[in-house]
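Protein chains in written order, with our numbering: chain A, 1 to 119; chain B, 1 to 387.
Where hints are given, some of them may not hold.
[As the list claims (entries may be wrong)] Now the stretches of chain A that chain B is said to cover, found in silico as 3 or more residues with beta-carbon under 8 Å:
(1) 23 to 33
(2) 43 to 55
(3) 64 to 72
(4) 75 to 84
(5) 88 to 96
(6) 102 to 114
Simulated from the structure, these hints should not be mistaken for laboratory data.
Here a beta-carbon is modelled for each residue, glycine too, at the ideal position from N, C-alpha and C.
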Amino acid sequence: MSMDVLMTLGQGPLPAEMGPVTLYHYLFVSAAMFCIGLIGFLTRRNLIIMFLCTELMFQAAGVALVAFSRFHLNHTGETFVIFVLTVAAAEAALALALVVLLFRRKETLDGTSWTELKG
Amino acid sequence: MGTDGWPPGWKGGLPLSTLSPSKPERNPRSEVRRDVFGWRYAESPSLDHPLSPILLYAGCGLGALAVALSMPRKNFNPYVVGAVLGAAALGLVMFGLWWKHPESLPNLHFYLFSAIALGAALRVITHPRPVYAALYFVLTILASAGLYLILSAEFMTFALIIVYAGAILITYLFVIMLATESPTEEQPDALNEYDRVAREPVTATLAGFVLLAGLSTLFTVDLGKMAARPELMAGDRQLAIMARKVEPILKEAGLLKEGETVKAEPYSRAAWGGAQDGDPTLDAITVTGPGGERRITRDQWPANLKLSNSEGVAFSLIDAHPAAIEIAGVILLMAMLGAVVLARKKVEMDERAMAAAMARERSPMKGDELGIEGRFAQPGVGEGGAA
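All chains, full assembly: derive it from the sequences and hints.
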C-alpha cells in the first residue's frame with residue numbers, strides 16, 4: 001500500500017482540503033488520555049503497570065504536540081515528539097532495571113510493599 | 001475573507017490568544033448563546049468555549065463514573081458497564097462539540113482513532129493482567145499513530161510505531177514475564193492481590209477527572225481551526241537549496257530545457273535554519289542554462305514539487321535543534337550505563353521473601369504437580385547476572 005493510498009484513507013486526496021479539523025478535538029483527546037494515565041498511576045499497585053501509565057502520559061503529550069505542530073504549520077512540535085520518545089526510552093530502560101532489582105529483593109511487584117522507603 | 005472562509009494569503013492556524021481583550025473582533029461569537037437546555041453560557045467574548053460547559057462537565061462526570069466502575073475490584077468487576085458509560089461520556093463530549101459547531105465535524109477517522117485510543121487506554125489501567133495491559137497499550141499507540149497520520153505527520157507515525165510499539169513495549173513485555181511471582185500450590189493461575197484490587201479508585205478517579213475538566217475548560221477558548229492546506233506546513237523555502245531533489249521533478253514535468261540545471265542557492269544558517277511559523281513560501285526556482293538564467297515560478301510547478309514531511313522534520317531536527325540531538329544522545333548513553341550498572345548489582349533477597357520462598361520450596365506439593373522447576377534449589381538464579 002503506497003503512501004498516497006494511506007493518505008487518501010486518512011484525510012482525503014492530499015491537495016484537497018483536510019476538512020475542518022479543530023485543535024480542540026485533539027487537545028481534548030490528549031487531555032483525556034493524560035488523565036487516564038494519571039488515574040492509572042495513582043490506582044494501580046503493580047510497579048510495571050505504574051510505569052506503563054507514565055508512558056501513557058508521554059503519549060498524550062505527544063498527541064498534543066503533533067496537533068500543535070499541525071496547527072501552527074511548522075515542524076517544531078513533531079521534532080519535540082522525537083525527544084519525548086528519547087526520554088520515554090531512557091525512562092523505560094532505567095525504570096525497568098529498577099523494577100527487576102526491586103523484584104529480586106522482595107519477590108513481589110507490589111508498590112505498597114516498599115512503604116519503608118518513606119523513611 | 002476568501003471563498004473558503006479564510007483570509008486570502010493566510011497560511012497559519014488561528015492564534016490561541018483570543019483571550020486577549022484587546023482584539024475582541026477576533027472572536028465573532030461574542031453574543032449571548034444558549035446551550036441545549038437553554039442556559040446562557042457565553043456572555044463575554046473572552047469566555048466563548050467551544051463546548052457547552054454543561055455537556056463538558058456531564059461528560060467528565062460520566063467518564064469518571066465509567067473509570068471508577070471499571071477499576072479492578074475484589075468481588076465483582078462491572079467493567080462492561082464502565083465501558084458503556086465511558087463510550088457514552090466520550091460520545092456526549094463529541095456530540096456537544098458537533099452541536100455547537102456543526103461545521104467543524106472532523107473526519108470519521110478522527111472519531112475512530114480517538115475512540116480506540118481512549119478505550120484501549122482505559123483498558124490499560126483497568127485490566128488486572130499486566131501482559132494484557134501492555135498489549136492494550138500497543139493498541140493505544142497504534143491508534144495514536146493513526147491520529148498522527150490524520151495530522152499529516154507521516155514521519156512521526158512510523159517512528160512512533162517502530163520505537164514505541166516495536167521497542168519500548170517489547171522491553172515492558174520482557175520484564176513483565178521476567179518478574180512474575182511463582183504460583184502457589186492452591187492457585188496455580190491466580191492473579192496477584194495487588195493486581196486484583198485497585199488502590200483508592202474513587203479518590204484517584206475524582207482527582208483525574210477534575211483535572212480533565214479544568215484542563216479542557218482552560219486550554220482554549222476557541223476551536224482553533226486548523227489550516228486546510230497541510231502542504232504549506234512551515235513554508236517550503238528549503239526547496240531553494242535542494243537542487244538534487246528539485247531537478248528530477250522538474251525534468252519529469254518537462255519544465256527543464258536541454259542543458260539546463262537548477263541553481264541551488266548557497267546554504268546559510270541564518271536564511272534557512274529551521275522553518276518557523278509564518279515563513280514565506282518560495283516564489284520561484286532559478287535554473288541556469290545556455291540561454292542564461294530563468295525563473296520557474298510557483299504556478300508552473302508540478303504538484304509533487306513540495307517539501308515532504310520527513311524533509312521538514314529533518315530540517316527542523318538537524319538544522320534548528322542540533323544541540324538537542326546531542327543532549328538526547330547523552331541522555332540515552334546515561335540511561336544505558338545506568339541500566340547496566342543496576343542490572344549487574346548483586347541483590348540480597350529480603351529475609352521475609354527468602355523465608356516465603358524457602359517455605360514454598362519445602363512444600364511437598366511443589367514442583368511436579370505445578371510442572372515447574374524448583375527455582376531456589378539452583379544457587380545463584382535468584383541473584384541474576386551478578387557474576
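Coverage of the stretch 64 to 72 of chain A by chain B (three or more Cβ within 8 Å): It holds, with 6 qualifying residues against the three required.
Within 8 Å of chain B (C-beta), three or more residues of the stretch 75 to 84 of chain A: With 7 residues in contact (Cβ-Cβ under 8 Å with chain B), the coverage given for the stretch 75 to 84 of chain A holds.
State whether the coverage of the stretch 43 to 55 of chain A by chain B holds or is violated, taking the criterion as 3 or more residues with Cβ-Cβ distances under 8 Å. holds (count 10)
Test coverage of the stretch 102 to 114 of chain A by chain B using CB-CB distances below 8 Å; three residues minimum. holds (count 10)
Mind checking, does the stretch 23 to 33 of chain A have 3 or more residues with a CB under 8 Å from chain B? Result for this restraint: holds, n = 10.
Proximity test - 8 Å, beta-carbon atoms, the stretch 88 to 96 of chain A to chain B, at least three hits: With 8 residues closer than 8 Å to chain B, the stretch 88 to 96 of chain A meets the three-residue bar; holds.
Violation of the numbered hints given earlier is absent; every hint is satisfied by the structure.
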